[in-house]
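Counting with the numbering used here, you get residues 118 to 543 for the letters of the sequence shown.
Hints are supplied without guarantee of correctness; some may be wrong.
What the hints assert, rightly or not - No farther apart than 27 Å at their CA atoms in a straight line, the calculated lysine-lysine pairs in the BS3-like style are these:
id : residue 1 : residue 2
1  : K199      : K221
2  : K508      : K542
3  : K434      : K423
4  : K423      : K199
5  : K221      : K508
Keep in mind the hints are simulated off the structure, nothing from the lab. All of these numbers come straight from a predicted model, not from anything done at the bench.
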Amino acid sequence: MDRSPMDMVYTARYLLPMVGAPIEDGAVSIRGGRIVSVGRRQDLPPASAGAAVHDFGDAVLLPPMVNAHTHLELTDFPRWAKELGETGEPGSFTDWVLRVIRVKRGIDPERYRPSLEEGIRRSLLAGTGAVGDVLSWFPAREAYQDSPLYGRLFLETLGRDPEIGRRVLGTIGRILDKGGAWRLQFGVSPHSPYTLSAEYLEDVLDFVRRRSLPASMHFAESPEEVAFLLESEGDLARVLYPFVGWGDMLPPPARRRPAPYLAERGGLVPWNLLAHGVQVEGSDFEALASAGSPVVLCPRSNARLKVGRPPAARYLKSGIPLALGTDSLASNDSLSVWDELAFAASWLEEAPPEALLQAATLGGARALGLDGEMGALQPGWGGHFQVLRPKVLPPLDELFSFLCAPGRGAEVAALVLDGREVLPKG
118 MDRSPMDMVY
128 TARYLLPMVG
138 APIEDGAVSI
148 RGGRIVSVGR
158 RQDLPPASAG
168 AAVHDFGDAV
178 LLPPMVNAHT
188 HLELTDFPRW
198 AKELGETGEP
208 GSFTDWVLRV
218 IRVKRGIDPE
228 RYRPSLEEGI
238 RRSLLAGTGA
248 VGDVLSWFPA
258 REAYQDSPLY
268 GRLFLETLGR
278 DPEIGRRVLG
288 TIGRILDKGG
298 AWRLQFGVSP
308 HSPYTLSAEY
318 LEDVLDFVRR
328 RSLPASMHFA
338 ESPEEVAFLL
348 ESEGDLARVL
358 YPFVGWGDML
368 PPPARRRPAP
378 YLAERGGLVP
388 WNLLAHGVQV
398 EGSDFEALAS
408 AGSPVVLCPR
418 SNARLKVGRP
428 PAARYLKSGI
438 PLALGTDSLA
448 SNDSLSVWDE
458 LAFAASWLEE
468 APPEALLQAA
478 TLGGARALGL
488 DGEMGALQPG
498 WGGHFQVLRP
508 KVLPPLDELF
518 SFLCAPGRGA
528 EVAALVLDGR
538 EVLPKG
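All chains, full assembly: derive it from the sequences and hints.
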(Lines of atoms letter the chains of each structure in order from A; the text may use other names.)
(Lines give C-alpha, C1' and ligand atoms only; values in the text may rest on other atoms or scores of the structure.)
Protein backbone atom coordinates (compact mmCIF):
# COMPACT_ATOMS: atom_id res chain seq x y z
CA MET A 118 0.00 0.00 0.00
CA ASP A 119 1.27 3.48 -0.86
CA ARG A 120 1.71 5.47 2.31
CA SER A 121 1.62 9.25 2.38
CA PRO A 122 2.80 11.23 5.43
CA MET A 123 -0.88 11.49 6.36
CA ASP A 124 -1.32 7.70 6.72
CA MET A 125 -0.68 7.48 10.45
CA VAL A 126 -1.68 5.52 13.52
CA TYR A 127 -1.41 7.34 16.84
CA THR A 128 -1.45 5.36 20.06
CA ALA A 129 -1.54 6.24 23.75
CA ARG A 130 -2.16 4.64 27.11
CA TYR A 131 -5.60 6.27 27.25
CA LEU A 132 -7.79 7.39 24.37
CA LEU A 133 -10.83 9.51 25.18
CA PRO A 134 -13.20 9.68 22.17
CA MET A 135 -15.86 11.79 24.02
CA VAL A 136 -18.48 9.43 22.58
CA GLY A 137 -18.49 6.13 24.40
CA ALA A 138 -16.17 5.06 27.19
CA PRO A 139 -12.45 5.85 27.50
CA ILE A 140 -10.21 3.25 25.86
CA GLU A 141 -7.09 1.81 27.45
CA ASP A 142 -4.19 1.14 25.06
CA GLY A 143 -6.09 3.11 22.43
CA ALA A 144 -5.31 4.02 18.85
CA VAL A 145 -6.65 6.34 16.17
CA SER A 146 -5.73 5.99 12.50
CA ILE A 147 -5.78 8.98 10.15
CA ARG A 148 -5.61 9.09 6.37
CA GLY A 149 -5.79 12.23 4.28
CA GLY A 150 -6.56 14.34 7.32
CA ARG A 151 -9.64 12.28 8.32
CA ILE A 152 -10.08 9.67 11.02
CA VAL A 153 -10.35 6.15 9.61
CA SER A 154 -10.69 4.09 12.78
CA VAL A 155 -10.74 4.44 16.56
CA GLY A 156 -10.37 1.70 19.16
CA ARG A 157 -7.95 -0.52 21.00
CA ARG A 158 -4.56 -0.84 19.37
CA GLN A 159 -4.91 -4.61 19.04
CA ASP A 160 -8.28 -4.25 17.29
CA LEU A 161 -7.20 -1.91 14.49
CA PRO A 162 -8.39 -3.08 11.04
CA PRO A 163 -5.85 -4.63 8.67
CA ALA A 164 -5.93 -1.51 6.48
CA SER A 165 -3.96 0.26 9.22
CA ALA A 166 -1.12 -2.25 9.08
CA GLY A 167 0.90 -0.30 6.52
CA ALA A 168 0.64 3.06 8.26
CA ALA A 169 3.40 4.71 10.25
CA VAL A 170 2.85 4.49 14.00
CA HIS A 171 3.45 7.26 16.53
CA ASP A 172 3.19 5.98 20.09
CA PHE A 173 2.71 8.74 22.67
CA GLY A 174 3.23 6.24 25.49
CA ASP A 175 1.87 7.08 28.94
CA ALA A 176 -0.39 9.87 27.73
CA VAL A 177 -4.01 10.79 27.11
CA LEU A 178 -5.18 11.33 23.53
CA LEU A 179 -8.45 13.25 23.22
CA PRO A 180 -10.20 15.86 21.03
CA PRO A 181 -8.85 19.41 21.04
CA MET A 182 -10.37 21.99 23.32
CA VAL A 183 -12.99 24.33 21.86
CA ASN A 184 -13.00 27.91 23.17
CA ALA A 185 -16.58 28.77 22.25
CA HIS A 186 -16.51 32.40 23.43
CA THR A 187 -13.42 34.56 23.34
CA HIS A 188 -12.07 37.90 22.08
CA LEU A 189 -8.56 37.10 20.86
CA GLU A 190 -8.03 40.65 19.59
CA LEU A 191 -7.83 41.64 23.29
CA THR A 192 -4.98 39.27 24.16
CA ASP A 193 -2.65 42.24 24.76
CA PHE A 194 -5.29 44.08 26.81
CA PRO A 195 -3.39 43.79 30.13
CA ARG A 196 -0.35 45.49 28.56
CA TRP A 197 -2.47 48.20 26.96
CA ALA A 198 -4.27 48.87 30.24
CA LYS A 199 -0.98 49.22 32.08
CA GLU A 200 0.37 51.61 29.45
CA LEU A 201 -2.74 53.78 29.82
CA GLY A 202 -2.73 53.74 33.63
CA GLU A 203 -5.86 51.59 33.83
CA THR A 204 -4.68 49.49 36.76
CA GLY A 205 -6.49 47.95 39.71
CA GLU A 206 -9.66 45.91 39.81
CA PRO A 207 -12.88 47.62 38.66
CA GLY A 208 -15.43 48.19 41.41
CA SER A 209 -18.40 46.86 39.43
CA PHE A 210 -19.38 45.28 36.14
CA THR A 211 -20.17 48.70 34.68
CA ASP A 212 -16.81 50.05 35.87
CA TRP A 213 -15.17 47.18 33.99
CA VAL A 214 -17.16 47.94 30.81
CA LEU A 215 -16.03 51.58 30.98
CA ARG A 216 -12.44 50.48 31.48
CA VAL A 217 -12.58 48.28 28.38
CA ILE A 218 -14.01 51.18 26.36
CA ARG A 219 -11.33 53.61 27.58
CA VAL A 220 -8.51 51.22 26.76
CA LYS A 221 -9.89 50.40 23.31
CA ARG A 222 -10.27 54.12 22.60
CA GLY A 223 -6.71 54.74 23.76
CA ILE A 224 -4.85 52.35 21.45
CA ASP A 225 -3.99 52.41 17.77
CA PRO A 226 -6.37 49.95 16.06
CA GLU A 227 -3.39 48.53 14.18
CA ARG A 228 -2.42 46.83 17.44
CA TYR A 229 -5.40 44.49 17.26
CA ARG A 230 -3.94 42.19 14.63
CA PRO A 231 -0.68 41.33 16.44
CA SER A 232 -2.71 40.94 19.62
CA LEU A 233 -5.01 38.49 17.83
CA GLU A 234 -2.00 36.63 16.41
CA GLU A 235 -0.66 36.20 19.92
CA GLY A 236 -4.07 34.95 21.01
CA ILE A 237 -4.00 32.33 18.27
CA ARG A 238 -0.53 31.21 19.38
CA ARG A 239 -1.56 30.91 23.02
CA SER A 240 -4.72 29.04 22.06
CA LEU A 241 -2.76 26.44 20.10
CA LEU A 242 -0.28 26.02 22.94
CA ALA A 243 -3.22 25.25 25.24
CA GLY A 244 -4.51 22.46 23.02
CA THR A 245 -7.34 24.48 21.48
CA GLY A 246 -8.46 23.47 17.99
CA ALA A 247 -11.46 25.73 17.46
CA VAL A 248 -12.67 29.12 18.67
CA GLY A 249 -15.79 31.22 18.69
CA ASP A 250 -13.91 34.51 18.33
CA VAL A 251 -15.72 37.84 18.57
CA LEU A 252 -14.04 40.55 16.48
CA SER A 253 -14.73 44.29 16.76
CA TRP A 254 -11.87 45.52 14.52
CA PHE A 255 -12.70 43.75 11.28
CA PRO A 256 -9.34 44.24 9.46
CA ALA A 257 -7.67 42.09 12.14
CA ARG A 258 -9.38 39.03 10.63
CA GLU A 259 -6.37 38.72 8.31
CA ALA A 260 -4.54 37.17 11.29
CA TYR A 261 -6.40 33.93 10.59
CA GLN A 262 -5.03 33.61 7.05
CA ASP A 263 -2.28 31.16 8.06
CA SER A 264 -3.90 29.78 11.20
CA PRO A 265 -4.87 26.10 11.52
CA LEU A 266 -7.72 26.92 13.91
CA TYR A 267 -11.31 26.01 13.11
CA GLY A 268 -14.44 27.73 14.39
CA ARG A 269 -16.48 30.86 13.90
CA LEU A 270 -15.38 34.46 13.51
CA PHE A 271 -18.22 36.60 14.82
CA LEU A 272 -18.16 40.18 13.49
CA GLU A 273 -19.39 42.36 16.34
CA THR A 274 -21.90 45.18 16.09
CA LEU A 275 -23.72 47.38 18.58
CA GLY A 276 -25.56 50.69 18.67
CA ARG A 277 -28.84 52.42 19.42
CA ASP A 278 -29.46 54.08 16.05
CA PRO A 279 -30.97 51.60 13.55
CA GLU A 280 -29.95 53.76 10.56
CA ILE A 281 -26.30 53.75 11.56
CA GLY A 282 -26.64 50.08 12.37
CA ARG A 283 -27.92 49.27 8.90
CA ARG A 284 -24.83 50.90 7.41
CA VAL A 285 -22.69 48.68 9.65
CA LEU A 286 -24.63 45.65 8.45
CA GLY A 287 -23.89 46.80 4.91
CA THR A 288 -20.17 46.75 5.74
CA ILE A 289 -20.49 43.31 7.30
CA GLY A 290 -22.39 42.11 4.25
CA ARG A 291 -19.59 43.22 1.93
CA ILE A 292 -17.03 41.40 4.09
CA LEU A 293 -19.15 38.26 3.99
CA ASP A 294 -19.47 38.51 0.21
CA LYS A 295 -15.69 38.71 -0.20
CA GLY A 296 -15.11 35.72 2.09
CA GLY A 297 -11.78 35.33 3.83
CA ALA A 298 -12.41 33.61 7.14
CA TRP A 299 -10.10 30.77 6.02
CA ARG A 300 -10.64 27.66 8.18
CA LEU A 301 -13.15 29.59 10.24
CA GLN A 302 -16.60 30.56 9.04
CA PHE A 303 -18.15 33.97 9.56
CA GLY A 304 -20.93 34.81 11.95
CA VAL A 305 -22.31 38.02 13.46
CA SER A 306 -22.28 39.12 17.09
CA PRO A 307 -24.95 41.58 18.26
CA HIS A 308 -23.03 42.57 21.38
CA SER A 309 -25.71 42.38 24.09
CA PRO A 310 -29.35 43.24 24.88
CA TYR A 311 -28.28 46.50 26.54
CA THR A 312 -25.98 47.83 23.79
CA LEU A 313 -28.38 47.42 20.85
CA SER A 314 -31.77 49.04 20.54
CA ALA A 315 -34.62 46.56 20.27
CA GLU A 316 -35.13 47.57 16.64
CA TYR A 317 -31.48 47.16 15.70
CA LEU A 318 -31.23 43.82 17.51
CA GLU A 319 -34.17 42.59 15.45
CA ASP A 320 -32.49 43.91 12.30
CA VAL A 321 -29.27 42.04 13.09
CA LEU A 322 -31.08 38.80 13.85
CA ASP A 323 -33.07 39.13 10.63
CA PHE A 324 -29.83 39.79 8.69
CA VAL A 325 -28.25 36.69 10.20
CA ARG A 326 -31.33 34.58 9.52
CA ARG A 327 -31.58 35.64 5.87
CA ARG A 328 -27.92 34.80 5.28
CA SER A 329 -28.11 31.48 7.16
CA LEU A 330 -25.33 32.56 9.51
CA PRO A 331 -24.73 31.82 13.18
CA ALA A 332 -24.86 34.55 15.80
CA SER A 333 -23.34 34.95 19.24
CA MET A 334 -24.07 37.50 21.94
CA HIS A 335 -23.45 38.31 25.58
CA PHE A 336 -26.58 37.23 27.43
CA ALA A 337 -27.78 37.47 31.04
CA GLU A 338 -24.24 38.22 32.14
CA SER A 339 -24.80 40.57 35.08
CA PRO A 340 -27.38 41.90 37.55
CA GLU A 341 -26.86 45.30 35.88
CA GLU A 342 -28.15 43.87 32.60
CA VAL A 343 -31.27 42.58 34.36
CA ALA A 344 -31.92 45.96 36.02
CA PHE A 345 -31.49 47.71 32.68
CA LEU A 346 -33.98 45.49 30.86
CA LEU A 347 -36.55 45.45 33.64
CA GLU A 348 -36.57 49.13 34.58
CA SER A 349 -34.04 51.02 32.41
CA GLU A 350 -32.23 51.68 35.67
CA GLY A 351 -28.92 50.87 37.31
CA ASP A 352 -25.34 51.74 36.42
CA LEU A 353 -25.66 50.80 32.76
CA ALA A 354 -28.39 53.43 32.38
CA ARG A 355 -26.90 56.04 34.73
CA VAL A 356 -23.21 55.70 33.89
CA LEU A 357 -22.58 53.76 30.67
CA TYR A 358 -25.16 55.47 28.48
CA PRO A 359 -24.02 59.06 29.17
CA PHE A 360 -20.38 57.95 28.88
CA VAL A 361 -20.82 56.68 25.30
CA GLY A 362 -23.11 59.53 24.22
CA TRP A 363 -26.39 57.64 24.48
CA GLY A 364 -27.81 59.71 27.32
CA ASP A 365 -30.81 60.75 25.22
CA MET A 366 -31.34 57.23 23.84
CA LEU A 367 -32.33 55.46 27.05
CA PRO A 368 -35.21 53.12 26.15
CA PRO A 369 -38.39 52.80 28.19
CA PRO A 370 -38.39 49.85 30.61
CA ALA A 371 -38.81 46.57 28.72
CA ARG A 372 -40.23 44.89 31.85
CA ARG A 373 -38.54 41.70 30.75
CA ARG A 374 -35.66 39.63 32.03
CA PRO A 375 -32.97 38.70 29.46
CA ALA A 376 -34.44 35.37 28.27
CA PRO A 377 -38.00 36.56 27.49
CA TYR A 378 -36.65 39.85 26.12
CA LEU A 379 -34.49 37.96 23.65
CA ALA A 380 -37.23 35.46 22.83
CA GLU A 381 -39.63 38.25 21.86
CA ARG A 382 -37.06 39.52 19.35
CA GLY A 383 -36.41 36.15 17.75
CA GLY A 384 -33.09 35.56 19.48
CA LEU A 385 -33.75 32.31 21.33
CA VAL A 386 -32.83 29.97 18.48
CA PRO A 387 -30.31 27.13 17.98
CA TRP A 388 -28.06 29.31 15.81
CA ASN A 389 -27.60 32.06 18.44
CA LEU A 390 -24.78 31.16 20.81
CA LEU A 391 -25.43 32.77 24.20
CA ALA A 392 -22.34 33.69 26.23
CA HIS A 393 -22.40 33.69 30.04
CA GLY A 394 -26.04 32.97 30.95
CA VAL A 395 -25.56 33.77 34.64
CA GLN A 396 -28.84 35.59 35.35
CA VAL A 397 -31.24 32.81 34.35
CA GLU A 398 -34.08 31.52 36.52
CA GLY A 399 -37.48 29.85 36.63
CA SER A 400 -39.18 29.43 33.28
CA ASP A 401 -36.06 30.70 31.47
CA PHE A 402 -34.63 27.18 31.52
CA GLU A 403 -37.65 25.69 29.76
CA ALA A 404 -37.55 28.46 27.16
CA LEU A 405 -33.86 27.92 26.45
CA ALA A 406 -34.27 24.15 26.29
CA SER A 407 -37.27 24.36 23.96
CA ALA A 408 -35.40 26.74 21.68
CA GLY A 409 -32.25 24.61 21.64
CA SER A 410 -30.19 27.71 22.40
CA PRO A 411 -26.61 26.77 23.37
CA VAL A 412 -25.03 28.54 26.34
CA VAL A 413 -21.30 29.18 26.72
CA LEU A 414 -20.17 29.19 30.34
CA CYS A 415 -17.30 31.58 31.15
CA PRO A 416 -16.93 31.02 34.90
CA ARG A 417 -13.54 32.67 35.47
CA SER A 418 -14.76 35.89 33.90
CA ASN A 419 -17.96 35.73 35.96
CA ALA A 420 -15.95 35.27 39.15
CA ARG A 421 -13.53 38.09 38.29
CA LEU A 422 -16.37 40.52 37.58
CA LYS A 423 -18.45 39.31 40.55
CA VAL A 424 -21.64 38.87 38.51
CA GLY A 425 -22.68 35.52 40.01
CA ARG A 426 -22.34 31.83 39.20
CA PRO A 427 -23.92 30.32 36.10
CA PRO A 428 -26.47 27.63 37.04
CA ALA A 429 -24.57 24.82 35.31
CA ALA A 430 -26.32 21.95 37.08
CA ARG A 431 -29.74 23.36 36.22
CA TYR A 432 -28.69 23.80 32.60
CA LEU A 433 -27.60 20.17 32.45
CA LYS A 434 -30.80 18.95 34.12
CA SER A 435 -32.85 20.96 31.61
CA GLY A 436 -30.98 19.50 28.63
CA ILE A 437 -29.62 22.87 27.48
CA PRO A 438 -26.53 22.50 25.25
CA LEU A 439 -23.42 23.77 27.05
CA ALA A 440 -20.02 24.92 25.87
CA LEU A 441 -17.06 26.51 27.65
CA GLY A 442 -15.22 29.75 26.88
CA THR A 443 -12.45 31.87 28.35
CA ASP A 444 -13.87 35.26 27.31
CA SER A 445 -10.95 37.71 26.91
CA LEU A 446 -7.85 38.68 28.84
CA ALA A 447 -9.71 41.83 29.81
CA SER A 448 -11.51 39.67 32.38
CA ASN A 449 -9.41 36.52 32.64
CA ASP A 450 -5.88 35.31 33.35
CA SER A 451 -5.36 32.94 30.42
CA LEU A 452 -6.83 31.71 27.16
CA SER A 453 -6.52 28.07 28.23
CA VAL A 454 -9.77 26.11 28.18
CA TRP A 455 -7.97 23.62 30.42
CA ASP A 456 -7.66 26.37 33.03
CA GLU A 457 -11.33 27.24 32.51
CA LEU A 458 -12.30 23.60 32.94
CA ALA A 459 -10.37 23.24 36.20
CA PHE A 460 -11.94 26.38 37.63
CA ALA A 461 -15.40 25.29 36.51
CA ALA A 462 -14.97 21.91 38.19
CA SER A 463 -14.10 23.56 41.51
CA TRP A 464 -16.53 26.51 41.35
CA LEU A 465 -19.54 24.82 39.76
CA GLU A 466 -19.47 21.91 42.17
CA GLU A 467 -22.75 20.27 41.15
CA ALA A 468 -21.67 19.84 37.53
CA PRO A 469 -19.97 16.43 37.01
CA PRO A 470 -16.48 16.36 35.46
CA GLU A 471 -17.70 14.30 32.49
CA ALA A 472 -20.28 16.96 31.59
CA LEU A 473 -17.79 19.82 31.91
CA LEU A 474 -15.20 18.06 29.74
CA GLN A 475 -17.97 17.38 27.23
CA ALA A 476 -18.79 21.11 27.19
CA ALA A 477 -15.11 21.94 26.63
CA THR A 478 -14.86 19.66 23.59
CA LEU A 479 -17.89 18.19 21.81
CA GLY A 480 -20.36 20.70 23.29
CA GLY A 481 -18.31 23.62 22.04
CA ALA A 482 -17.84 22.05 18.63
CA ARG A 483 -21.57 21.49 18.24
CA ALA A 484 -22.30 25.05 19.38
CA LEU A 485 -19.97 26.35 16.65
CA GLY A 486 -21.50 24.18 13.93
CA LEU A 487 -18.58 21.73 13.86
CA ASP A 488 -20.49 18.56 14.68
CA GLY A 489 -19.07 15.84 12.44
CA GLU A 490 -15.75 17.69 12.15
CA MET A 491 -14.36 18.23 15.65
CA GLY A 492 -15.13 17.50 19.28
CA ALA A 493 -15.03 13.70 19.19
CA LEU A 494 -12.82 10.96 17.80
CA GLN A 495 -14.96 9.04 15.32
CA PRO A 496 -14.41 7.52 11.87
CA GLY A 497 -15.11 10.07 9.15
CA TRP A 498 -14.49 13.06 11.41
CA GLY A 499 -11.54 15.42 11.03
CA GLY A 500 -8.13 14.20 12.11
CA HIS A 501 -7.98 16.52 15.10
CA PHE A 502 -6.69 15.63 18.56
CA GLN A 503 -4.47 16.76 21.41
CA VAL A 504 -2.20 14.77 23.69
CA LEU A 505 -1.62 15.28 27.40
CA ARG A 506 1.49 13.76 28.92
CA PRO A 507 1.25 14.10 32.71
CA LYS A 508 3.96 12.81 35.03
CA VAL A 509 1.61 10.20 36.49
CA LEU A 510 -1.60 8.84 34.98
CA PRO A 511 -4.60 7.91 37.15
CA PRO A 512 -6.59 4.68 37.01
CA LEU A 513 -8.98 4.67 34.06
CA ASP A 514 -12.06 5.13 36.26
CA GLU A 515 -10.60 8.37 37.67
CA LEU A 516 -9.67 9.86 34.31
CA PHE A 517 -12.44 12.48 34.04
CA SER A 518 -11.79 13.91 37.51
CA PHE A 519 -8.06 13.88 36.79
CA LEU A 520 -8.53 15.84 33.57
CA CYS A 521 -10.58 18.49 35.38
CA ALA A 522 -7.85 19.15 37.96
CA PRO A 523 -5.61 22.25 37.83
CA GLY A 524 -2.41 22.14 35.82
CA ARG A 525 -3.51 19.96 32.92
CA GLY A 526 -3.01 22.71 30.36
CA ALA A 527 0.73 22.74 31.05
CA GLU A 528 0.86 19.06 30.06
CA VAL A 529 -0.26 19.51 26.44
CA ALA A 530 2.42 17.65 24.48
CA ALA A 531 0.90 17.64 21.00
CA LEU A 532 -1.89 19.22 18.98
CA VAL A 533 -2.84 17.69 15.64
CA LEU A 534 -5.30 19.37 13.27
CA ASP A 535 -6.13 17.86 9.89
CA GLY A 536 -3.60 15.14 10.62
CA ARG A 537 -0.73 17.63 11.03
CA GLU A 538 1.16 18.69 14.14
CA VAL A 539 0.46 22.38 14.82
CA LEU A 540 1.65 22.94 18.40
CA PRO A 541 3.81 26.10 18.41
CA LYS A 542 7.23 26.09 20.02
CA GLY A 543 7.56 27.79 23.37
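ask   = Which hint numbers does the structure go against, in order from smallest to largest?
value = When the structure is compared with the hints, only number 5 turns out to be violated.
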